[in-house]
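Trainee: These are the residues of each chain, in order.
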Amino acid sequence: MPSGSAIAVRHGRFLAVGEVDELADVYGGTVDYTLADKVLLPGFVEAHSHKDTGGIWQFTYVGFEARRGPNGRLWRGCTTFDAVIDRLREADRLLDDPDEPLLAWGLDPIFWPGERFDRRQLDAVSTTRRIFVAHSNMHLATVNSALMEQEGIGPDTVAEGVPKDDSGLPTGELQEFPAMALAGQTFRSFFGRTQSDESVLMFGQAARNVGVTTVADLGTSNLLDEAVIRQWIGLADETFPMRTAMFHGALMSAPDGDEACAAAMVDLRRRSTDRVRFGNVKLLMDGSIQGGTARLRWPGYLHGGPNGIWLIAPEQVAERISPYHRAGLLVHTHANGDQAVDALLDAFDQVQTANPLPDHRHTIQHCQMTTPGQYRRMKALGMCANVFSNHTWFWGDQHRTITVGPDRAARMNAARTALDIGVPLSMHSDSPVTPLGPLHVAWAAVNRQTPKGEIMGEHERITVAEAMHAVTMGAAWQLRMDDAIGSITPQKFADCTVLEADPFEVDPLELRDIPVWGTMSGGVLHEGSPQTDA
Amino acid sequence: MTPEAARLPLTVIGGYLGAGKTTLLNRLLANPDGQRIAVLVNDFGEIDIDGRLLNSTTDNVLRLANGCICCSVADNFAETLETVRGFADRIDRVVVEVSGVGQPHKVAQWGHSPGFSPDGIVVLVDPLSILSRATDPYIGDTVISQVTRADLVVISRTDIANVDELEATEAWLDNVTDATVLRGPLPTAVLLGPVSRPLGVDYCPPSKEPTPGSGTAEPQHADHVTLSRRLDGPISRPSIETWTRARPSGVIRAKGLIRVDDRPNDRTVLQICGSSTMVSVDGPWDDGEDAVVAIALPGTPRAALVKWLNLLG
Numbered sequence: 319m320p321s322g323s324a325i326a327v328r329h330g331r332f333l334a335v336g337e338v339d340e341l342a343d344v345y346g347g348t349v350d351y352t353l354a355d356k357v358l359l360p361g362f363v364e365a366h367s368h369k370d371t372g373g374i375w376q377f378t379y380v381g382f383e384a385r386r387g388p389n390g391r392l393w394r395g396c397t398t399f400d401a402v403i404d405r406l407r408e409a410d411r412l413l414d415d416p417d418e419p420l421l422a423w424g425l426d427p428i429f430w431p432g433e434r435f436d437r438r439q440l441d442a443v444s445t446t447r448r449i450f451v452a453h454s455n456m457h458l459a460t461v462n463s464a465l466m467e468q469e470g471i472g473p474d475t476v477a478e479g480v481p482k483d484d485s486g487l488p489t490g491e492l493q494e495f496p497a498m499a500l501a502g503q504t505f506r507s508f509f510g511r512t513q514s515d516e517s518v519l520m521f522g523q524a525a526r527n528v529g530v531t532t533v534a535d536l537g538t539s540n541l542l543d544e545a546v547i548r549q550w551i552g553l554a555d556e557t558f559p560m561r562t563a564m565f566h567g568a569l570m571s572a573p574d575g576d577e578a579c580a581a582a583m584v585d586l587r588r589r590s591t592d593r594v595r596f597g598n599v600k601l602l603m604d605g606s607i608q609g610g611t612a613r614l615r616w617p618g619y620l621h622g623g624p625n626g627i628w629l630i631a632p633e634q635v636a637e638r639i640s641p642y643h644r645a646g647l648l649v650h651t652h653a654n655g656d657q658a659v660d661a662l663l664d665a666f667d668q669v670q671t672a673n674p675l676p677d678h679r680h681t682i683q684h685c686q687m688t689t690p691g692q693y694r695r696m697k698a699l700g701m702c703a704n705v706f707s708n709h710t711w712f713w714g715d716q717h718r719t720i721t722v723g724p725d726r727a728a729r730m731n732a733a734r735t736a737l738d739i740g741v742p743l744s745m746h747s748d749s750p751v752t753p754l755g756p757l758h759v760a761w762a763a764v765n766r767q768t769p770k771g772e773i774m775g776e777h778e779r780i781t782v783a784e785a786m787h788a789v790t791m792g793a794a795w796q797l798r799m800d801d802a803i804g805s806i807t808p809q810k811f812a813d814c815t816v817l818e819a820d821p822f823e824v825d826p827l828e829l830r831d832i833p834v835w836g837t838m839s840g841g842v843l844h845e846g847s848p849q850t851d852a
Numbered sequence: 542m543t544p545e546a547a548r549l550p551l552t553v554i555g556g557y558l559g560a561g562k563t564t565l566l567n568r569l570l571a572n573p574d575g576q577r578i579a580v581l582v583n584d585f586g587e588i589d590i591d592g593r594l595l596n597s598t599t600d601n602v603l604r605l606a607n608g609c610i611c612c613s614v615a616d617n618f619a620e621t622l623e624t625v626r627g628f629a630d631r632i633d634r635v636v637v638e639v640s641g642v643g644q645p646h647k648v649a650q651w652g653h654s655p656g657f658s659p660d661g662i663v664v665l666v667d668p669l670s671i672l673s674r675a676t677d678p679y680i681g682d683t684v685i686s687q688v689t690r691a692d693l694v695v696i697s698r699t700d701i702a703n704v705d706e707l708e709a710t711e712a713w714l715d716n717v718t719d720a721t722v723l724r725g726p727l728p729t730a731v732l733l734g735p736v737s738r739p740l741g742v743d744y745c746p747p748s749k750e751p752t753p754g755s756g757t758a759e760p761q762h763a764d765h766v767t768l769s770r771r772l773d774g775p776i777s778r779p780s781i782e783t784w785t786r787a788r789p790s791g792v793i794r795a796k797g798l799i800r801v802d803d804r805p806n807d808r809t810v811l812q813i814c815g816s817s818t819m820v821s822v823d824g825p826w827d828d829g830e831d832a833v834v835a836i837a838l839p840g841t842p843r844a845a846l847v848k849w850l851n852l853l854g
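Sequence lines, in order, name chains U and D.
If you use my numbering, the first sequence corresponds to residues 319 to 852, in order.
If you use my numbering, the second sequence corresponds to residues 542 to 854, in order.
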């Protein structure tokens with residue numbers, strides 16, 4: 319691994335890499351020793367995240383695992399019902415306006431099997447203020463009686479997603495979006511506030527705090543909406559600490575068809591700036607493995623549940639991809655289950671055969687159950703893989719015992735196989751699904767350890783060097799930005815991750831614990847938020 | 542629209558690719574049978590509207606001269622329903638197209654949203670391809686799940702399929718679903734049922750034969766049997782259940798505005814769509830509007846229908 323003790327920066331780009339005296343002699347300028355004792359790496363690139371990564375922290379966090387918000391505040395994990403109640407009571411006290419709803423997120427009752435968290439616990443927090451607590455998967459919410467009264471949810475409410483208790487009253491749990499939407503204005507504020515300017519700015523803070531200098535926003539923003547385009551271009555000025563590759567969510571937002579959408583994206587691509595890159599689309603094949611909605615090959619789910627759902631009909635995938643492919647746009651497609659990958663590869667086979675494009679860099683997102691045979695097909699078709707390595711930590715034990723069993727779990731997120739076969743690799747957090755943080759993602763891929771201490775497939779581990787490459791150049795390649803970011807190379811943007819310790823020196827088991835100082839973005843230093851414990 | 546106004550019935554139309562959803566939706570918009578229908582589609586491109594019928598267009602709403610509107614379902618379904626609610630005083634019902642791989646019974650849950658009431662899950666089936674699709678490793682379970690959770694399955698392309706294909710399809714459906722299975726195409730008023738309030742029926746004492754549908758709220762169709770009956774006085778809740786279970790096999794659709802004795806101040810709405818019955822409350826009681834309307838298959842014995850309608854009470 320080449321290294322040096324200094325970098326020269328001019329006009330926001332790397333000018334040269336070498337030793338301090340040599341660079342000062344040749345290029346002049348001033349020497350800045352602010353980072354004298356730090357470790358600089360190429361800026362981390364998070365190739366799969368979402369806009370609400372920052373904005374979600376406007377709400378009270380009640381999740382099981384400790385997390386740190388964009389402002390540096392540590393939110394301790396709520397490991398008991400009482401801890402959740404205490405956290406919500408504190409938030410209730412801090413709200414002055416009695417009509418303002420209390421919005422919270424991150425609840426995960428999976429950690430309290432056999433116990434029921436419902437309206438009764440929330441009524442103990444407030445009988446007058448509306449309370450809406452989204453679960454960690456964002457597909458469920460629990461609300462209090464005050465909210466249900468105000469929105470007319472009661473014994474007469476007959477809906478599949480509104481379970482009742484023995485007394486005939488709704489329990490307060492609202493399952494899936496049609497039921498959650500019954501929470502009316504409160505539901506709309508929860509899902510609407512993450513679209514605000516403040517939310518975008520918090521995304522930038524969150525990225526900076528974990529050393530990320532470029533993110534991909536995978537289909538969270540409607541790029542046919544001029545207001546959204548202007549919001550991003552406007553906010554991402556030279557003071558904004560990150561670059562963003564924007565992916566239009568074409569699955570649901572192509573109201574005039576894919577040809578028209580592709581043409582709009584080609585036009586939009588011309589408006590790309592140094593900080594916001596357009597010209598990318600995202601599609602989705604299936605759901606999630608932990609949610610039982612991913613499409614699996616035989617023998618399906620270990621728990622015996624029905625196979626998952628298709629979000630595009632398999633026979634329509636090629637015709638949906640084709641307009642974007644022919645327009646030269648970059649297509650990243652969500653596919654978790656191995657059967658979803660089969661159908662996607664069939665489609666890319668057709669698309670590439672009809673309109674061969676030698677350097678397309680189309681990428682399969684998540685690739686969680688992709689088999690060696692499928693990786694060989696991906697290699698042959700020139701496709702890239704962005705694997706969801708964080709799953710080994712966040713759901714590893716559940717995958718071993720509930721969703722697919724220990725043998726298939728050991729082969730999930732097969733980064734080693736992808737590299738051995740020669741498929742360009744990146745790894746991601748899918749934040750806010752799991753916390754933004756490439757050091758954690760790298761740690762997961764290098765160690766493959768579950769919370770219960772199991773090693774989930776030792777043979778799929780990769781080295782620290784491979785992991786660092788995947789979260790820098792690997793990701794930059796898949797975003798077609800490797801000419802501009804991904805390495806400390808003269809002429810590229812001067813983007814660095816600034817760490818307190820060298821990932822190549824620490825025990826690989828401590829990778830995720832390396833403190834992050836902050837970032838350099840376009841030659842400008844951005845120190846992370848001071849960490850507070852309150 | 543006041544909060545007490547009637548809820549808009551919301552019907553979902555599902556079925557795999559090629560099942561005829563687009564054809565059906567275009568037909569509903571072109572021949573709404575006097576109903577003002579809001580059709581929610583995934584993609585405007587599939588909608589074929591004569592330009593002369595088009596009143597106005599905004600970003601995601603087309604307004605037709607016949608009173609119907611067509612909305613594209615943006616990525617936010619809750620927002621789309623809010624838009625539709627804005628038209629509540631100008632439309633009679635909502636029809637939602639579900640994508641070919643979508644799960645109609647899940648989309649139907651949106652029918653419980655404020656201002657709406659669920660009014661049936663209709664799934665279309667293509668008799669030329671359904672049997673091979675049902676065994677397809679990619680989508681077999683999806684198409685089976687669609688018909689399994691339907692209230693009404695309508696077989697399309699009956700003009701192209703031969704008798705063997707139709708009968709094989711019907712035999713297969715009989716095996717996998719409890720839904721009512723019919724051969725299409727069905728007139729709008731039969732497929733979607735009566736809608737508007739008041740139901741527009743003539744008075745008919747329970748002891749006498751009900752009158753045929755008035756022809757105002759629900760147009761007549763020569764082949765299908767439409768009968769209605771006015772009710773008088775509150776009805777007990779158990780008797781509603783007994784009554785719906787006793788319905789003759791030819792009944793496709795029924796709608797009742799009922800005063801139930803345990804909720805005398807509320808308007809209870811009873812809706813039958815194929816195999817399913819939905820009972821909901823949608824506002825305060827108005828005197829004099831209690832009535833039931835039923836639509837049955839051609840050939841359903843009139844006497845059986847009369848007898849059944851007279852059972853309620």
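Check each hint, because a few of them may be wrong.
Claimed, not checked - Facing chain U, from chain D, some residues (calculated, C-beta under 10 Å):
1) 587
2) 591
3) 644
4) 673
5) 676
What the hints assert, rightly or not - Which stretches of chain U does chain D cover? Using the computed rule of at least three CB atoms under 8 Å from a CB of chain D, they are:
6) 467–477
7) 495–505
8) 649–656
9) 822–835
Stated by the list, open to error - Residues from chain U that face chain D, not an exhaustive set, calculated with beta carbons under 7 Å:
10) 322
11) 324
12) 401
13) 632
Because the hints were derived from the structure by calculation, they are not lab data.
Where a beta carbon is used, it is the ideal one built from N, C-alpha and C, also for glycine.
Trainee: Take the hints in turn and mark each one as holding or not.
Mentor: We went through each hint and held it up to the structure:
1. 587: Holds: closest Cβ of chain U sits about 9 Å from residue 587 (chain D), inside 10 Å.
2. 591: Given a least distance of 19 Å, the restraint on residue 591 (chain D) is violated.
3. 644: Since the shortest Cβ distance to chain U is 7 Å, the answer is holds.
4. 673: Because about 12 Å separates residue 673 (chain D) from the closest Cβ in chain U, which is outside the 10 Å limit, the hint is violated.
5. 676: violated, 14 Å
6. 467–477: holds (count 6)
7. 495–505: Our answer is that it holds, as 7 residues pass the Cβ test (under 8 Å) against chain D, meeting three.
8. 649–656: Answer violated; 0 residues pass the 8 Å Cβ test.
9. 822–835: Violated, because only 0 residues of the stretch 822–835 of chain U bring their Cβ atoms closer than 8 Å to Cβ atoms of chain D.
10. 322: violated, 47 Å
11. 324: With a minimum Cβ separation of about 48 Å from chain D (threshold 7 Å), the hint on residue 324 (chain U) is violated.
12. 401: Not OK, violated: residue 401 (chain U) not within 7 Å of chain D, min 31 Å.
13. 632: Holds: closest Cβ of chain D sits about 4 Å from residue 632 (chain U), inside 7 Å.
Checked against the numbered hints given earlier, this structure breaks hints 2, 4, 5, 8, 9, 10, 11 and 12; the rest are met.
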